[in-house]
Each structure stands twice: as structure tokens, then as C-alpha cells.
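Enquirer: Residues in the sequence shown are numbered consecutively from 12, following my numbering.
Some hints here could point you the wrong way.
[Claimed, not checked] Straight-line alpha carbon distances no greater than 30 Å define the calculated DSSO-like cross-link-like pairs of lysine-lysine that follow:
| # | residue 1 | residue 2 |
| --- | --- | --- |
| 1 | K62 | K44 |
| 2 | K74 | K44 |
| 3 | K232 | K247 |
Calculated directly from the structure, the hints in this document are not laboratory data. Keep in mind it's a predicted model, so treat the numbers as computed, not measured.
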Amino acid sequence: MQDFTNTELLQIIENDEADRVEFKESLSGSAPKDIREAICAFANDLPNYAKPGFVFVGVRKDKTIVGFSVTDQLLRQLADMKTDGNIVPPPSLTVEKRLLQGKEVAVVKVEPSNSPPVRCRGAIHIRTGPRRDIATAQDESILNERRRSGDLPFDLCSIPIASVSDLNLVQFRYEYLPQAFSSEILEANDRTLNEQLAATKMITSADQLTATVLGILTLGKNTQDFLPGAYVQFLKIDGNELTDDILDSEAIRGSIPDQIRRLDDKLMAHNRIAVDITSGPLEKRTALYPIEAVQQITRNAVMHRTYEATNAPVRVHWYNDRIEVLSPGGTYGRVTVETFGLYGVTDYRNPNLAEAMKTLNLVQRFGVGVQIARRLLEETGHPEPEFREIGGNVLATIRMVQQPKEI
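Assemble the whole structure, with the sequences as input and the hints as a guide.
Expert: Here's what the structure looks like:
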């Protein structure tokens, strides 16, 4: 703990975030149990401070330093909490005696874990302000994804039962490659087909011809045979409730490029043109929604959804008064519902799929899709799109201005 001076520790006691400090007057009673749970919560670092948490033994909850006799045995008792099997995986922590305001205090510094979630006696503890809580399913999902963010992204994981024969090589050769590389580079390239597939991350390597998740999503002949939930469920509903009559229903399957194109056809087919002959001398024709705004939000849902351990599709429900787009997986990384579409706040659950969709011109630029949708909806008088997180999913809602007169 040499990187924190006594002055800095006193500042942490007085001023730091409530979810980064825990105070115990002594080690009596339930204190050892509480300290273990606090260590677990600090190691999980749900707020993602990327800073250590501190347990101060010898300090009251009101931040008064009372001090007590910090013996070597007490320090060992605290240090043993790391490896006594109650907290797994074992957290990174240091224990030290400090003299603060002339009084002995035991200080436990806990580093955020790079392998969350961390459990204490089977429970995932997190910090919510000054309180310790048990993680919800969504909290656990966030911690799991944070662990994987330092590992290989899921879209680059191999699918052991999928091979090159499961990829559309004609599409790869004549559509994907020409858009990924200039003609000059392709003409000068003497790589084999397998080397080209490996270079674009569609297979694991030129020597290991196992298709990746990216390859199956982008070029798969039968994508849903390997990733059953990787499709879009489209419903056109004659009303404003899911229980109303369904006018059109289709499970849009295939590779991601095929899904996007077929979904675009559905969106344009149902985006009726309305006519206004009363507001001016010239007839005015207006679509129900700016189609590019709807495309940006639906493509954002396909790009950023989770494809791991779920059979849930992206759902596009077109009601009479709104369009709802449900994307499995919730928000990811730095992005929250509150920061959706804000400039500079981007993160990618599927970074390689995002790159492939950009290569195929299915997205224009990274990180601006929601911004474009907001602008187009505002220009056409629509309310701002709404984003909510529901049960580990992100729900985007696009509302109509009013019901125009049909042609």
C-alpha cells in the first residue's frame, strides 16, 4: 500500500465515494462476515470505477478514527480472507497497519477483479452506495461481460461443429472481399482462399478451418443451425397492443446481410405514404416514419445484441402508433440507457461483426446510428426515440407524430 500516503488515506475516509469504503470499529461480532462481503463487493466493482476499495478497521461509520490494537495476528486474520475459500476467485488485496491521527488502524485495499463475478460463500455481492447488496441477474450479466471484455470477443469464438463448407464462399469472394479491400490489393494478393478467410476472421486460422461466430453470422449458409436465436421476428399489428390482430408476421432468418435486406423490405412495405392536401397549395406526400431512422435503430439492435447463450431474436413490433425494437442482451460496457447515442460514448459487444457490417455498407459510420435517428425524427416532427432496459434487453420505441390521412 506504499502508493497511498497517510494523508491520502485520510482523504479517502473523509471524501471518497460511499461505495468504495467500508468502516469497522473492530473485528468483533459479525465484522469478519461483513468484511468478507465488502471485499467481494469491491472486487466486483459494479460501478466500474477501476479503482481499489478500502476496508478500514478502527474507524466508526461516522468516519471517526477510534483506533485499536492492530497485532500481527489480526493482520494475518484479515489477509487470510483472501485465500480461506470463502471468496472465489481469490481477490487481489493487501493488508497493512497504519497510524492515522496517531491511532492504529488496519487497512485492507481491494483491487477490482479482472475475472468477475466474485462470490462470497456462493453469493455475488455488490455495492450500492453505502449498502452491500446481492447482485441481480442483470448485474451478474454485466460482470460476466466485463470479464469477457478482456478475453476474446464472442464474435471471434470458434464454433467447433462449423467449417468452411458452412460458409457462402461465393458471397465472400465476390461481395465481401471487393468491399473489404481495394482491387489493387486483391490483384497483388497471392493468399489462398483459406488464408483470406482467416485474415478476415471468418475462420479460426488457415490451418484450422473451423468457422467463427463472425463467419457464421456474416456468411453462414444456415446461420440458425448454429446460432438459433440469430434472427429477427417482425410483426405488423393492427392496433396498439400486442394482443391485437396481426397483419404481417415473419421470422427473418439467414445471414446478417440477408436479414438486414429482408427487414428493410418489410419496413419500406409498411411505411405507407400519406397525402396532405389541406395545409398548402401543393399536395404534400409524407411517409409515416423517416425510413433511415428506423433502419438505423433496427440495425443497431442487430449489431449490438448478444448472440451468446440465448435463443431470443431481435423483435420488431410495428403498432399503429409506434414501432418497438427489442434487442437481447441489455447495454454493454460504457454505454448505458442514459448515454445511448451521445457523442463519444460507444462500446461494442460484437466489434468484429460491427466491422463486417461496415464493410458491407450496412452501417455508415461507427457510433453515430442513434444520433442520425434522433436527428431525422426531430426533423420530421416525431418525438425523440425512447430507450429502456427491460429484463436484460434494450427496448427502443419510435413514436408517430399523428395519424395522417392515407392515400
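Enquirer: Evaluate each hint against the coordinates.
Expert: Verification of the supplied hints:
A threshold of 30 Å between alpha carbons decides the hint, and for K62 with K44 the separation of about 23 Å falls inside it, so the pair holds. Distance restraint check for K74 and K44: the Cα-Cα separation of roughly 20 Å lies within the 30 Å cut-off, and the hinted pair is therefore satisfied. Proposed proximity of K232 and K247 is supported: the alpha carbons are some 27 Å apart, at most 30 Å.
Checked against the numbered hints above, the structure breaks none of them.
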